[in-house]
Each structure stands twice: as structure tokens, then as C-alpha cells.
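Let's have the full structure, built from the sequences with the hints guiding it.
Chains as they are written, first to last, in my numbering: chain A, 1 to 648; chain B, 1001 to 1144.
By construction, these hints were calculated from the structure, which means they are not laboratory data.
Keep in mind that a hint or two might mislead.
Capping the alpha-carbon separation at 20 Å, the derived lysine to any residue pairs in SDA-like fashion look like this [claimed, not checked]:
| # | chain 1 | residue 1 | chain 2 | residue 2 |
| --- | --- | --- | --- | --- |
| 1 | A | Lys-528 | A | Arg-545 |
| 2 | B | Lys-1004 | A | Val-345 |
| 3 | B | Lys-1002 | A | Ser-346 |
| 4 | A | Lys-528 | B | Arg-1063 |
| 5 | B | Lys-1109 | A | Thr-522 |
| 6 | B | Lys-1002 | A | Gln-338 |
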Amino acid sequence: MIPELGTGALLVALVLCLYGAVMAALGARRGRTAYVESAQHAALAVFVLVTTCILLLIYAFLTFDFSVRYVANNTNLGTPFYYRITAVWGALEGSIVLWSWMLTVYTLVVVLRHRTSARELYPYVLTVMLSVISFFLLVMTVAAPVFARSLPIPADGRGLNPLLEDSGMITHPVALYLGFTGFTVPFAFAIAALITGRVGDFWITTTRRWTILAWYFLALGLLIGGWWSYHVLGWGGYWAWDPVENAAFMPWLTGTAFLHSVMIQERRRMLRLWNIALVILTFSLTLFGTFLTRSGVIASVHAFTQGAIGIFFLSFLALVVLTSLALIAWRWDVLGAQGTLDSVVSRESAFLLNNVLLVAAAFTVFFGTVFPLISEAVRGVKVSVGAPFFNQVNVPLFLSLMFLMGVGPLIAWRRASLENLKRNFLWPIVIGAVAALVLRLLGVRSTVAVVALALTIFVTATIAVDLLRATRARRLMGERALPALGGLLLRHNRRYGGFIVHLAVLVMAVGVTGSQAWSVHTETTLQKGEQTELGGYTVRFDGLRESQESNHGKVTGSFTVVAGRGAGDVLEPAKKFYPQEQSPIAYVDYRLGFVDDLYLVLGDFARDGSHATVKMQVNRMVSWIWIGGLILTLGTLLAVLPEQRKTA
Amino acid sequence: MKPKFLVGGVVILIALGYMIWAGVTQSAVYFVTPTELTAAPVAGKAYRLGGLVAPGSLKWEPRTLDLTFTMSDGRATVPVRHKGAAPDLFGEGRGAVVEGQWTGDGYFKASLIMAKHSEEYKAPHDTKESQSKVLIKTLEEPKR
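Have a look at this one:
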């Protein structure tokens, strides 16, 4: 039953979606509000239908309905309850359903929020949103049919990929897709602005919160992905420059550039063309990312033609890019700047440079990711560039960006005077330089680490200087210190939300720097009762234990860990044996700390428990990355609060 | 002021181009099959060698952490040495990609082993090149 119901609902949704897209545009052209209202009803119906589909899929997973091929491929009778729900988006077909569902939710919110406030742009926004949903509905019915029937109906399913049995899998795809889909809204507004010729600030100010939220969710998705990689995959790192990661990182970089460049347009009426191009680029990169990771093209240039997904996404991407370029060409004369750049030493320049560097970083990530494809297509040789390439090229870019993070928010608009520079940057530069010297004297050898940490301190100092000065101004007016600070943050929530996000990035930068510079690892075979030492920890192997879980068997190693003179702690890394898998899956155990993480992976072992090979890592400062994520959340929340400044 | 910005832009572009060029030349890793490697091995060059772990060739010495095996694509074989336990999904008769260098002493020194199981690959005795290409394709870029 479910395959037919689901497919039927998807087809009806597709028809309604196309109808709504056409009606909204027609209504706008002919000035018929009734047409637009009809499109709104279609959008509501599409939301209901896609919601029904996702509920049907969840129901199929919960009831082990193996007549749905997707269910049979991604679950079995032993899959625990929670993971049967997350298995809904555990593979390609289901992810597309989740993606589309989020798009329909966003469309609904757009209808509710903007149907009266953005009257002129709104019908076209609806057209673009519904067109994008149509594409995904087409994918779901034709290219990756999620409700395909399995014939004959198997007695049991194939089971979920064991690596996906993790709480990170509940949140990671959801956050990532909320980010990916979120950029559809500013993109739709940009296209609507081009169509109507209203390319001024209106579309930018209207979509500011949308952009921040999409950007935040993408960041959150990347962070949770890093956390998943760190505590599940067992190689001890959080970022591998893997194509899958890069696919999400590229739109985040251009999205970050967009967040900054819109401020220049709001303030100085510049960069109209650039902003529209950036948001189109960001949206295109979200599609490109899906194409890259889901089509098999990464494995070989020739692979993607084997499945329909690649061709679908590539065609749609081409359609999006070409249509956008045509619209830009059509509106070329109204996209010119009204303001001009006055001086190299100004806030505009700093923001412009920030944009150039962010886009450059996105380009290098793009280049490195598709390099194997280029070399295979051009020279017939597969050459890949790994993490060293990405690190080598991006580290200078990111360090420069950190420097600008300190300069940009404080430097004067138009033309900074020497007085302005001295007032804002003298102390931070002195403090940063002293910090660099102290770090060198403390024996930090890596130049990159010294520069990164000194820059962190420099930027923190600029933020402190700004806060101190502003609080002092308020205190002179008779307020007390803490209420003054609180009032400041709330009244200028956009500015200080941004500062807190900057602090979050700095905290993460410390985490990345520290883990790159000071982590240590070793691998060794221990006899029962034997101990070894790494980075101030003593680890003793105490034996093995076998057990049976609901859907897998498990061999657990027991290791007693002593740090310095502290009491012993027991870590239990294991190997899990899933019947549907050919070989075991490592289960990492770890102790997280503010400075050190101890991380154990059970490598190989003798069945009798006489000896075991263990990989040990002491990873430094990694927790700062996750703490940075929390601070990032706080800053984003503050930034999206309604502004109070105007009422004051 | 315009020329200053133009000059700045050009400088940034050149710097970026140089960094990318330097990055590519220093970290390029060549993807080869055992046949391709044995045909023209260059000692010290970074390779990613993809093939099957030949049945019966895997030896693991827990005390010294020496892992040795032979990579095969049905036509040629390459002896591989590695320090450390094999990763999950690694085993005889299965596909693997190893990253490392040809030593010139007649063996491949692996610094990283990437193993991935795949429903697509054919039996280990397929000798046609097209088959091994299919195999390698399915093995590329696995998650560490």
C-alpha cells in the first residue's frame, strides 16, 4: 500500500507545484491577486502532501514495511527504534525527501511572513521556491524513487550502515539540510529582485534573518559532522577535506562572504551585482555539493552517467546558472554601484578584501575537490590532491581573514584617519605582538601556531577595546557596568551578535591550531596487564570481554588510564560485529577534556584476550571547537533578535 | 583610487595562483593500479595504489606492528609494507587503496590504508582491465 500511496502523493504534489509556480508568476505579471492566492493554496497543499510522504516513510520504517525497497535497503528487524526514524534520511532517496520537506516548510513560512510585507517581490519568490521544490519532486519520482516497490518482498532488510547508528545522525543531516535549503529563500528573493528590477536594498534587508539562519545551520551541520567524524570514525580527526565535507564547506564560505557584503550595500549602496552573484553562487554550490557527493562523479568522471541523479542535478544546476546569468545581463544597467570606494584604508576595503579571500578559499576548495576529475578528463591520469594541498593553500587565507576580523568592525567607513587607526588598533597590535613573543619564548615552535594564536589575541583585544569604550560611554551617562554592557548588547544586537560569532570563530581557531600543533599519537600492542605511556597518560590493558547486543556482537577491550597522579579511569574501546557487514566496525572510547582528549581505538586483538593492539591519541584543544559551536549559537541568536535601535 | 584596487586585485590573484600551483605540485598523489605501478615505478613519488589484497598474502605481526600483504589487479602484484594494525573493512580478497611510496627496494611503503567494501566489485580473478577499473572506481576516496 505505502509505495502506491507515497508515489501518488508525490505526483499530485509535483503537478500542484508546477501549477503554483506558473500561477504566481502569471498573477504578478497580470496583476491578478486571485492567481497568486491560488498559488498560495497550491503551496499549502504541496506542504501537506510532502509531509504526508515523510510520515508514510517514517511509518514504513517503524512497521518494517519491506515492500518499500528503500526501507528494506536501510533497516532490518534488529535496527533500534530511534535509528529506524533517522534511517529515513540515512541514504540518498530519503535525504531528498527530507530536503524537499524542509523546502516546503520554508515556502510556507515565506507565504506567512512576506505575502503582505514584500508585495512586489513575493509572487516571484513563490515561483522560484515552488520551481525548486518541483525539481526535487521530479528527482523523488523519477531519478531516485523513494517509494519504489521491492519485489519480491524480503523477509528481512539489509540493515542500516552501522556507522550511521549514532546520535549525530539525528542532528547532522537535519542541520545541514536546513542550511542548504535555507539559502533557497535569499536566492529566490534575489531572482525576484532581478525579475522586477527592484535590485535595491529591499531584498537584502528582507532576507537578512533568513541568510543568517541558513548560514548558522550550515555551520552547525559542519560542526556536528566534525563531531561525528571525531567520535565515530576512529581516525581521531574532525575534518579530512573529504569531498562530502567540502561540498558543505564551499556554500558556507560564500554564504559567509554574502553575510558581510550585504552590510556594504546597506550602508554604502555598493556591490549590488556582487551580492546577487554571491547568493546565486551560494545556492548553486548547495546543488553542486549534492551533485558531487551523490552522483559518483568523484570516483570517476565517467561514473555519473550511470545513475540518473547526476544528470538531473547537473541539468538543474545548468538551468539555474544560465537563467540567473541571463537575468543579470537583462538587468545590467540597474546593477551599477551608486557609492564609490574612497580609500584603501577603510571599512569598505576591509570587507571587500574579506569577500575576495572567502571566495578565493571557496575556489581553492572547489579546485582541490574537482582536481582528480579535471586531470582524469584532460590528461587521462588520476591525480588527487589531499589534505596537504587544502591546508597549504587555505591556512594563509584563513590567517588573513582572522586579521581582517579584527580590523573590519572597527576601522572607519570611507577613509580611516591615522587618529582612528591609532585609537582602535594601537593596543591590540601591541598586545598581539607581545603574545607572539611570549608564545615563542614558551617554546611554541610552529610559526603557523604562533601567528594564529597571536592573531586570536589581537582580534579578541579589538573586541575588548570596542566593548570597553562603549560601556564606558554608557557609564558616563550614569549606568552601572553590567547593565550598561547588557543594554549595549541588546541595543546593538546585530553588531555584538556579530562580535560574539567572531569570538566563537576565534575559539574554534584555537582548537584547530592546538590540535594540529600539539596532538600526539601512537600505536602499540599490549600484553594483558602491560602498560604504555603517551602525553602524560599511562594506559594499561586489562583484558577483553565479549557480549551480544540487539543487532550486533561486540568485543570490548578494557584499559585503565591514569593521568599524572590522579585516580584510574577505565576506557572501553570495542569492535562491533554486524551480521550484515563483512568486517567489524571500531567503536572508539574517549575522555574529553578542556585541554586534552584521550582517545582509544581497539585495533587488533587475540581472541583469548592475551594481547591487543591499540591506537592511542592525545588530542589537544579539540573541545574548544565544540565550545566555539555553542558560542556561535549564542551570537547567532543575539544577531537575529529584532533590532531595538530604531525605537530608541 | 581605482588603480590601487586594481593592483591589489592582481597581486591577490597572482599570489593565489602561485599558492594553488605550489600546492598541487607538492601534494599531488597519483592513482595507479599494480599494473601501472610495476610498469613504471618511480621511487619517492606519492602514489595511491588501488587493487585487491591477494588471498594468502596477508601477514600481521602484533609485536612489531608489521603488516605485509600483496596488492593485485589480476595482472601484476605489488608487495606492500605498513606499520600498524589494518583498518576495519580490510582483508584478503577485498579491495583496498593504500597511499605511500615505492621504495626502490622492491616494495611499496604504505603510510595510509583505506579499505572499503563494495557490492560492485567482481571476483578477484578478473583479468580484464575494464574490470579492475570498475573496482578502482568503487574504491576511490573512502572515508578514513
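Outcome of the hint check:
1. A:Lys-528 to A:Arg-545: 13 Å, holds
2. B:Lys-1004 to A:Val-345: Answer holds: Lys-1004 of chain B to Val-345 of chain A is near 11 Å, not above 20 Å.
3. B:Lys-1002 to A:Ser-346: Holds. Lys-1002 of chain B to Ser-346 of chain A sits at ~14 Å (cutoff 20 Å).
4. A:Lys-528 to B:Arg-1063: The hint holds at about 13 Å.
5. B:Lys-1109 to A:Thr-522: 18 Å, holds
6. B:Lys-1002 to A:Gln-338: 15 Å, holds
Every hint from the earlier list agrees with this structure, and none is contradicted.
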